[in-house]
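Chains as they are written, first to last, in my numbering: chain A, 1 to 478; chain B, 1 to 85.
No lab work stands behind these hints, which were simulated from the structure alone.
Per the computed footprint, the stretches of chain B lying under chain A, defined by three or more beta-carbons under 8 Å from a beta-carbon of chain A, are:
#, segment
1, 14-21
2, 51-61
3, 64-72
In silico DSS-like cross-links for lysine-lysine, where the CA-CA straight-line distance does not exceed 25 Å:
#, chain 1, residue 1, chain 2, residue 2
4, A, K275, A, K290
5, A, K24, B, K12
6, A, K445, A, K275
7, A, K193, B, K12
8, A, K193, B, K74
9, B, K75, A, K4
10, A, K204, A, K4
11, B, K42, A, K24
12, A, K275, A, K286
13, A, K25, B, K12
Restraint-style ranges between C-beta atoms, simulated for each label pair:
#, chain 1, residue 1, chain 2, residue 2, range
14, B, H36, A, S21, 17 to 25 Å
15, A, K193, B, K8, 19 to 27 Å
16, B, K8, A, S21, 34 to 42 Å
We put the CB at the ideal spot given by N, CA and C, even for glycine.
Listed here are the chains, written in short residue letters.
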Amino acid sequence: MASKVLQKPASFYDTYERNPSTDKKMPHYCPGCGHGNVHKFIAEALDNYELADRTIFISPVGCSVFGYYYFDTGNIQAAHGRAPAVATGIKRAHPHSIVISYQGDGDLAAIGTAEILHAANRGENITVFFINNAIYGMTGGQMAPTTLETQKTTTTPTGRNARNEGYPVKVAELISQLEAPVYVERVALFDNKHRSRARMAVRKAIKNQADHLGFSLVEILSPCPSGWKMDPVDSLHWIKDVMMNQFPLGVYKDNTKEVEPYEAPKMQLSDEEIKQAIEIIPDTEKEFKKTEYAERYANPEIKVAGFGGQGVLLLGAALAQAGLLENYNVSWLPSYGPEMRGGTANCHVNVRNIPVGSPVVNDPTVLIALNRPSLEKFEPVVVKNGLIIYDTSLIDIEVQRDDVEVLAIPATEMADKLGNTRTANMIAMAAFAGYTGIFNRETLKETLKTAIKRKKLLAINEKAVDEGYEFGKSKRPS
Amino acid sequence: MQKKKLEKPFVKVVPELCKGCGICIEACPPEVLKFHDKFNTKGYHFAYYLGDDCRGCGVCFYACPEPEAIIVYKKGYEYEGEEVA
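So that you can see chain A by itself, here it is in the shape it has in the complex (with noise of 0.2 Å):
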């Protein structure tokens, strides 16, 4: 039975709580604003097919991009017109979830185009809305690409002129020249019979992503009061006498009755598989079991820096692998200049008994610090009570805080002894592990066999993990 009330539907936060202003419950729109409408079209429709639940919203940069103040949903926030690319991952990891990218013409015409071209062309199963209000609305009505010809902006006070700023970019008719979108609509808000068939045509979209059937546009002529500088009403007129000899309405593309559902398959690599597909797991059978080692050590954010050349990246890649094979939960990212040898470079290294929510190390408990600028850079951030490990043979200064473990090591002496300065990274890494004994030597030894490609360099790097083990190990506080 047809409902006996229209109201606010549940799909909006019943106040707006994400909204700094004072006023919960009124949204940030400007008076006559298009986005108000659609917003009541989607949530209306998330309603009506109890799909919010598993909704992500996806808000792009522009007016809307408060669109998680209001909608109960899950939201992101993407980049300026990358809201696509982000629906695309989301959707690819959640492929139950139902993601609707939300974007203005600004957004998805100028510098989104690449995203939005590529993710129709891929047919994701994502839907998309796009508000063409031909301006840039929130920076206060600049030409956007969907600016039609001769339209006065602030950027084209004399009109825009196609000889000199290009035709206005058609949107549904370039999306649905592309073989994969399977629903592409321009709909306008302008009076009662238009705001139905927009209202359906966002339902529609919304449907055929619940239903598998892949890629859905709706272009929505919505009109931008503020930014036209008219009045409310006048402005649904102008999009009515003016924009829609530009912008013809229509259903471009429909083959929503033709295509088969299509859900892709679910990756059913294991993990062994994925860890045997990116070579992180050495050919063994052995089992590596962890060590017992002092709780301030635990869960170490390492933060190994130096120039590059020095093996800075393979020292952390190497703790991450020796992680892995102790079954830690590990992450390794690695971040450097342009230049192979000599730029500055760092990694960032976690080696948890939690799952690790960022591969980003802000604040390091573990500093490894390979020359004088990573120590002089590094040494303020890390964490009160954290370790400082530094090759005293390249950094002649010393460790200024008090309030942390120090490691002195003089670790490129010590590999020049063993008859190659380059293994000077491997005996850092040991004397991180034999220090706080987080890992077995064995351990470290096998992380060689796949982080040493040179097999005649094997060992003398195996000699440097006992020197670098041994020593980190003789200097562990009792």
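Chain A is fixed; fit chain B onto it per the hints.
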């Protein structure tokens, strides 16, 4: 309390949530919405229902860009108490 059924549809505009854009007034087929002479605390002349002849068509609800400025109660709406909300 026993539920009653609404015999005549009607529309409610929440003055404090109305931004006075006038789109509902333009849209209303029986023309029963008007701007109020007063304005709300935001400074908008809000729309209000003249009090008769609403058909419950819902056109104003979909025309209104605000999520909850307009509520339309259709004929047959069940309610408790003396009056509808």
